[in-house]
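We have chain A; now place chain B onto it with these hints.
If you read the protein sequences in the order shown, they are chains A and B. When we follow the UniProt record's numbering, the leftmost residue of the first sequence carries the number 1, and every step to the right adds one. When we follow the UniProt record's numbering, the leftmost residue of the second sequence carries the number 1, and every step to the right adds one.
These are calculated hints, taken from the structure and not from any lab test. There are no misleading hints in this set.
Any copy will do: because identical chains look the same in the list, a pair fits if it lies in one copy or spans two.
Lysine-lysine pairs mimicking DSS-like chemistry, simulated, CA-CA at most 30 Å apart:
(1) Lys31 - Lys45
(2) Lys55 - Lys133
(3) Lys55 - Lys31
(4) Lys45 - Lys55
Just so you know, these numbers come straight off a predicted model, no measurement behind them.
Protein chains: 2
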Amino acid sequence: MTPNTARRRETSRRAILTAAFDLLQETGYAKLSIEGIAARAGVGKQTIYRWWPSKGAVIFDAFLMLSEATEGGPPTLPDTGDLAADLTVVLRATVEEMNDPRYEQPMRALATEIALDPELAAAYAERLDGPLKEAKRQRLRSAQQAGQIADDVDLGVAVDMIWGPILNRWLHRSGPLTAEYADLVVSTALNGLRPRRSAE
Amino acid sequence: MTPNTARRRETSRRAILTAAFDLLQETGYAKLSIEGIAARAGVGKQTIYRWWPSKGAVIFDAFLMLSEATEGGPPTLPDTGDLAADLTVVLRATVEEMNDPRYEQPMRALATEIALDPELAAAYAERLDGPLKEAKRQRLRSAQQAGQIADDVDLGVAVDMIWGPILNRWLHRSGPLTAEYADLVVSTALNGLRPRRSAE
Chain A
1 MTPNTARRRE TSRRAILTAA FDLLQETGYA KLSIEGIAAR AGVGKQTIYR WWPSKGAVIF
61 DAFLMLSEAT EGGPPTLPDT GDLAADLTVV LRATVEEMND PRYEQPMRAL ATEIALDPEL
121 AAAYAERLDG PLKEAKRQRL RSAQQAGQIA DDVDLGVAVD MIWGPILNRW LHRSGPLTAE
181 YADLVVSTAL NGLRPRRSAE
Chain B
1 MTPNTARRRE TSRRAILTAA FDLLQETGYA KLSIEGIAAR AGVGKQTIYR WWPSKGAVIF
61 DAFLMLSEAT EGGPPTLPDT GDLAADLTVV LRATVEEMND PRYEQPMRAL ATEIALDPEL
121 AAAYAERLDG PLKEAKRQRL RSAQQAGQIA DDVDLGVAVD MIWGPILNRW LHRSGPLTAE
181 YADLVVSTAL NGLRPRRSAE
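Chain A extracted, bound-state conformation (with noise of 0.2 Å):
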């Protein structure tokens, strides 16, 4: 391959990969087609087919084209020292971007395509989701090393305990997704549902 014929694929893909991302948010996933994002990209569709296997595979290398241009390297947790107030920014800041209509239909359309395909959920935990999750854990793993959390807890529990409840509220829509609803599981995450018989 030249340079130029590298530079020119390149172009298409990202071009394929904004447009995807565009059309999700205006017409919602249902309505996607391979030939409307070939049509919104100016190119074949021939063209996608070659390079994606389904529209769930364009979309999770849009957001994973998002994730690298927004972030630029692995993602790391605030770490102040202080866990609750950290948690409390850190799921407020979750429950904004939920409610941000701009991502509403591109993260609908990745979380139930990752529902229906195994292997796109691999690539998921593998590229997208496992450096996130390893962040949490490092988080909380340091809350651990300083004794705000207990030695015996699974931190990979404690992860799915606190994110667990505002993306299942999101995507079921089951009920408000307020930065007061973060702030109750960050306290009763932290506090456990039995009575604490001595303050703290």
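Chain B alone, transformed into the frame defined by chain A:
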């Protein structure tokens, strides 16, 4: 409508819902079509379109028929007086159901349709998930009255925290869904992440 017409109609309705559920298990949701359901049920596809606006709506009614047939009465959770033991039994049963290949495809279909369709999500929240959530809250309320859950715990958040991680792990295929995982979720939710100052 004569009694005979009503009976024939109910027979067709059940045949369609059963066909939809069976086909889902065989082919998965992506390949499920109204044409396919009609052929399997032995009805014209116009009959289906007359009663349901989408394949998601058919699946929803199939679940409703199934849950009415198997449960007969509002759902309740076991209440032996020992909250941890009861939750462990219930969560292990949930994990087992989610790992049952018979439910895999239909439950994924329902979950993804709810994620994409706000109207279906509202119907699901009211008719299927609502009564179940109320049963869960009721069990926690009884524990709260018995002093096993702190007075200031929001029971809605508690329900999300106990069942959310299991549902997520299943839907996003983010890790093995085992009895051990269910047990860890119960103990972590009850005890919280913070170290406990005094033994119980």
